[in-house]
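First to last, the sequence lines map onto chains W and S. Numbered according to my numbering, the first sequence spans residues 1 to 349. Numbered according to my numbering, the second sequence spans residues 1 to 518.
By construction, these hints were calculated from the structure, which means they are not laboratory data. Accuracy of the hints is not assured; some may be wrong.
Quick list of in silico lysine-lysine cross-link-like pairs, BS3-like style, CA-CA up to 27 Å [stated by the list, open to error]:
1) 409(S) with 446(S)
2) 456(S) with 446(S)
3) 455(S) with 409(S)
4) 455(S) with 468(S)
5) 446(S) with 5(W)
6) 5(W) with 455(S)
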Amino acid sequence: MKFRKAISSPYIHHPPYSTAGMMFSVILALLPALAIYALLFGWGVVVNAALAVGVALVCEAGMLAVRRRPLFPTLGDGSAILTALLLVFALPPLAPWWLTTVGVAFAIIVAKQLYGGLGFNPFNPAMVGYVVLLVSFPKELTLWSMPLSLAGSSLDFSTTLSYIFSGSLPDGITIDALTAATPLDTMKTQLGLGRTPGAIAASEPVFGFLGGKGWIWVNLTLLAGGLWLIRRRVISWHIPVALLGSLAAISSIFYLLDSAHNASPLFHLFSGAAILGAFFIATDPVTAATSNPGRLWYGAGIGVLIYVIRSWGGFPDGVAFAVLLMNMAAPTIDHYTKPRVFGHGDRDA
Amino acid sequence: MEVASTEGGKRRRGMKLWSFHGGIHPPGHKRESTTRPVESAPLPKELVLPMLQHLGAPADPVVKVGDRVLKGETIARPGNFISAPIHASSSGTVVAIEERPVPHPSGLSAPCIVIETDGKEEWHPSREPADHRDLEPAEIRDRVRQAGIVGLGGAGFPSFVKLNPGKTVKTLILNGAECEPYITCDDALMRERPEQVIKGAMVIRRAVQAQHCIIAVEDNKPAAIDTLTQTLRSEGVTDMEVVAVPARYPAGGEKQLIKVLTGKEVPSGGLPIQLGIVCHNVATAAAVFRAVELGEPLISRIVTVSGSAVGGPRNLEALLGTPVPDLLRHCDTDFEGLGELIMGGPMMGVALAHHQVPLIKTGNCLLAVSRSEIEQRPVVRPCIRCGNCAEACPVNLLPQQLYWHAQSKNLDKIQEFDLFDCIECGCCAYVCPSNLPLVHYYRFAKSEIRAQQEKKRKADIARERHQKRLERLEREKAERAARRARKQPVTDESKKAAIQAALERTKAAKKESSPDEV
Ligand code: SF4
Ligand code: SF4
Numbered sequence: 001m002k003f004r005k006a007i008s009s010p011y012i013h014h015p016p017y018s019t020a021g022m023m024f025s026v027i028l029a030l031l032p033a034l035a036i037y038a039l040l041f042g043w044g045v046v047v048n049a050a051l052a053v054g055v056a057l058v059c060e061a062g063m064l065a066v067r068r069r070p071l072f073p074t075l076g077d078g079s080a081i082l083t084a085l086l087l088v089f090a091l092p093p094l095a096p097w098w099l100t101t102v103g104v105a106f107a108i109i110v111a112k113q114l115y116g117g118l119g120f121n122p123f124n125p126a127m128v129g130y131v132v133l134l135v136s137f138p139k140e141l142t143l144w145s146m147p148l149s150l151a152g153s154s155l156d157f158s159t160t161l162s163y164i165f166s167g168s169l170p171d172g173i174t175i176d177a178l179t180a181a182t183p184l185d186t187m188k189t190q191l192g193l194g195r196t197p198g199a200i201a202a203s204e205p206v207f208g209f210l211g212g213k214g215w216i217w218v219n220l221t222l223l224a225g226g227l228w229l230i231r232r233r234v235i236s237w238h239i240p241v242a243l244l245g246s247l248a249a250i251s252s253i254f255y256l257l258d259s260a261h262n263a264s265p266l267f268h269l270f271s272g273a274a275i276l277g278a279f280f281i282a283t284d285p286v287t288a289a290t291s292n293p294g295r296l297w298y299g300a301g302i303g304v305l306i307y308v309i310r311s312w313g314g315f316p317d318g319v320a321f322a323v324l325l326m327n328m329a330a331p332t333i334d335h336y337t338k339p340r341v342f343g344h345g346d347r348d349a
Numbered sequence: 001m002e003v004a005s006t007e008g009g010k011r012r013r014g015m016k017l018w019s020f021h022g023g024i025h026p027p028g029h030k031r032e033s034t035t036r037p038v039e040s041a042p043l044p045k046e047l048v049l050p051m052l053q054h055l056g057a058p059a060d061p062v063v064k065v066g067d068r069v070l071k072g073e074t075i076a077r078p079g080n081f082i083s084a085p086i087h088a089s090s091s092g093t094v095v096a097i098e099e100r101p102v103p104h105p106s107g108l109s110a111p112c113i114v115i116e117t118d119g120k121e122e123w124h125p126s127r128e129p130a131d132h133r134d135l136e137p138a139e140i141r142d143r144v145r146q147a148g149i150v151g152l153g154g155a156g157f158p159s160f161v162k163l164n165p166g167k168t169v170k171t172l173i174l175n176g177a178e179c180e181p182y183i184t185c186d187d188a189l190m191r192e193r194p195e196q197v198i199k200g201a202m203v204i205r206r207a208v209q210a211q212h213c214i215i216a217v218e219d220n221k222p223a224a225i226d227t228l229t230q231t232l233r234s235e236g237v238t239d240m241e242v243v244a245v246p247a248r249y250p251a252g253g254e255k256q257l258i259k260v261l262t263g264k265e266v267p268s269g270g271l272p273i274q275l276g277i278v279c280h281n282v283a284t285a286a287a288v289f290r291a292v293e294l295g296e297p298l299i300s301r302i303v304t305v306s307g308s309a310v311g312g313p314r315n316l317e318a319l320l321g322t323p324v325p326d327l328l329r330h331c332d333t334d335f336e337g338l339g340e341l342i343m344g345g346p347m348m349g350v351a352l353a354h355h356q357v358p359l360i361k362t363g364n365c366l367l368a369v370s371r372s373e374i375e376q377r378p379v380v381r382p383c384i385r386c387g388n389c390a391e392a393c394p395v396n397l398l399p400q401q402l403y404w405h406a407q408s409k410n411l412d413k414i415q416e417f418d419l420f421d422c423i424e425c426g427c428c429a430y431v432c433p434s435n436l437p438l439v440h441y442y443r444f445a446k447s448e449i450r451a452q453q454e455k456k457r458k459a460d461i462a463r464e465r466h467q468k469r470l471e472r473l474e475r476e477k478a479e480r481a482a483r484r485a486r487k488q489p490v491t492d493e494s495k496k497a498a499i500q501a502a503l504e505r506t507k508a509a510k511k512e513s514s515p516d517e518v
């Protein structure tokens with residue numbers, strides 16, 4: 001048994017994981033999906049990921065230096081790397097370098113460090129970074145590269161690098177040949193044109209079985225990673241189950257009421273960032289509700305908000321906004337789900 | 001309800017049990033110290049007996065330096081009602097009455113009586129055996145009080161107080177859960193001296209007139225459960241039962257154990273007696289038996305000596321006041337490699353700043369941890385609100401909120417989160433991934449709040465006095481004015497006015513002096 005030099009008891013300490021261990025477990029669970037993502041969407045994902053992690057660490061170190069905090073325990077906790085990687089999943093694979101840099105820098109400097117660093121940030125930093133980009137550079141964010149199998153042409157590593165850093169493409173390749181609207185985007189636009197989800201999925205090339213082509217594999221890998229995290233007890237099941245459950249429930253209701261105008265629940269679960277959000281973003285303990293009943297409410301709230309924003313909001317996907325809105329609600333949820341203390345008659349909420 | 005029995009080699013649990021929220025399963029490390037029987041520790045050259053070995057007021061010495069004392073002789077009497085006398089653990093001469101380091105987290109010294117032993121182990125003639133069935137409850141309580149018995153499970157509350165419940169007692173619970181890692185002194189007692197525990201239970205039962213009696217043991221001690229059960233059967237005791245409770249720290253916490261056994265929660269800030277329950281530790285029961293039936297005061301106890309720095313971990317029957325280093329040496333402790341010495345268990349014990357301290361009544365375990373087992377530079381990170389602590393808290397508190405408010409010294413808010421319900425069990429800190437010393441913050445906040453309350457109480461008293469004085473002065477003034485008025489013939493009106501004015505002034509002063517009592 002490991003003992004610790006402590007001022008007072010307890011002298012032993014054995015958490016299921018350490019804070020750094022938790023961050024790195026989540027990162028580990030993300031990596032297979034990141035690999036699949038890169039495999040299906042090209043080198044851009046790899047370049048972006050490396051860039052994002054680098055920027056995140058530099059920003060974190062810089063801010064720690066400014067705030068006169070020791071560098072190493074914090075840089076080593078993995079939280080900045082995780083924020084960077086989550087953002088990579090949210091950005092187009094061919095996002096220009098400055099887009100990634102601005103997003104990550106905002107996430108780390110403003111959304112995390114200015115609030116006091118890990119543990120003190122009320123909002124999920126990656127989602128803040130993403131929303132800032134979405135609001136400031138909407139056009140760039142919609143330039144999603146197509147899965148390689150669909151694209152007319154593809155870029156090798158060096159051309160990807162040069163495109164990301166200088167915006168120049170080799171002769172004969174246009175950006176239109178590389179990019180397309182995302183499945184959620186397409187669905188939204190086409191539904192707007194009065195077509196039925198079935199017809200859209202059958203005719204538009206971005207759709208495969210279950211959801212968007214390519215995306216489905218990324219999402220299935222994320223799902224596997226998420227389940228592994230639950231199995232390892234790094235995250236509890238409450239938020240993912242409540243989130244996906246409520247999203248499935250509300251989309252089922254609308255689908256059953258009017259399947260001509262509403263996408264199927266499976267489509268909602270497996271396209272876009274619902275899985276990523278459920279297992280990797282909403283489960284960020286710092287910004288979520290803390291008790292298990294609270295986590296159920298919190299997750300369910302996000303699920304409903306995702307559906308609402310996707311269906312009636314101005315943005316194609318609602319995960320980021322839904323998470324941020326529920327981040328705001330988390331303290332209130334905590335207040336109303338305060339457990340009944342031993343020996344107290346009633347819950348004193 | 002049925003006895004947990006071992007028929008057919010299998011333990012059958014007949015009694016319905018409940019559960020409490022949270023708790024943890026730390027590695028037990030109990031086997032190390034249970035491989036050999038309880039052994040008597042050698043008689044030390046010097047016995048150091050602190051005047052405060054219990055909760056309450058310190059005892060007052062009744063001997064002088066140079067006095068010869070006999071084993072079992074009272075050498076200090078209780079300081080006030082909540083206190084306990086101290087007895088000489090062996091015969092010898094009082095060589096000093098002075099401050100010595102005592103086992104206390106502060107590492108401070110406190111008044112002690114030091115006896116140089118003469119090796120004769122000569123008993124004081126005051127020993128008077130009795131049969132508890134011939135004694136009235138009040139006589140039993142008196143014997144327990146005279147014997148200096150305090151809760152031996154750790155808290156050290158004078159036991160006779162709990163023998164005078166002043167209410168009908170439905171259930172007497174003997175706590176043999178012993179849920180902390182490493183500690184096995186109660187286990188050893190139950191296995192080797194089951195009849196003392198059972199007879200002690202009978203004595204206590206007579207004192208509190210309990211209808212029902214349960215001996216609760218964690219199910220990781222099957223041998224103790226078997227031995228007690230068999231002893232009950234062979235002695236023909238049918239109105240007492242041994243109940244195996246699932247091993248989970250802190251199942252031995254009084255309120256947790258009551259919850260497990262009865263499904264009832266002792267109200268916050270309340271006592272078990274409010275539920276008609278009285279709880280005593282098994283070792284306390286054995287001490288009660290020895291005090292009442294054999295007439296022996298509390299002068300020794302079983303102490304577990306264990307930990308990675310101890311070559312031969314075991315349980316020792318040691319005289320109170322024996323220097324801790326003697327006990328460690330007897331168990332082949334590697335003093336060179338010793339990193340931390342803890343009195344008590346690793347979850348709730350006290351790290352000893354001084355090793356040269358004596359064994360006291362509440363010392364159930366000496367845990368000597370080698371340096372190599374101590375994390376040298378543990379990384380502490382910020383709270384990430386993971387909620388592990390809340391899940392582990394047996395009291396269902398929100399430790400992360402307590403921590404947050406303790407850190408920002410928000411002493412009002414922290415009480416809203418029921419700080420004073422915290423039993424300092426350490427489960428929260430045990431599971432915290434950020435390695436935060438949570439319980440330390442709670443202890444700090446509690447002492448801050450107590451200090452504040454004390455200050456306020458003193459200020460209130462001072463203000464009250466001041467106010468009373470002002471009132472008195474005004475009254476006297478008014479009376480003087482009235483007397484003057486009587487002497488010098490003046491109109492009734494002016495007299496009244498003078499008195500009225502004086503009264504008004506008093507009122508105004510009153511108001512001013514208590515602005516915050518709204
Ligand atoms: S276990 Fe530690 S990190 Fe987790 S919520 Fe509690 S105090 Fe914070
Ligand atoms: S030490 Fe206090 S807050 Fe922590 S788990 Fe125990 S009772 Fe709960």
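Status of the hints after comparison with the structure:
{"no.": "1", "hint": "409(S) with 446(S)", "result": "holds, 11 Å"}
{"no.": "2", "hint": "456(S) with 446(S)", "result": "holds, 15 Å"}
{"no.": "3", "hint": "455(S) with 409(S)", "result": "holds, 17 Å"}
{"no.": "4", "hint": "455(S) with 468(S)", "result": "holds, 20 Å"}
{"no.": "5", "hint": "446(S) with 5(W)", "result": "holds, 22 Å"}
{"no.": "6", "hint": "5(W) with 455(S)", "result": "violated, 33 Å"}
Checked against the numbered hints given earlier, this structure breaks only hint 6.
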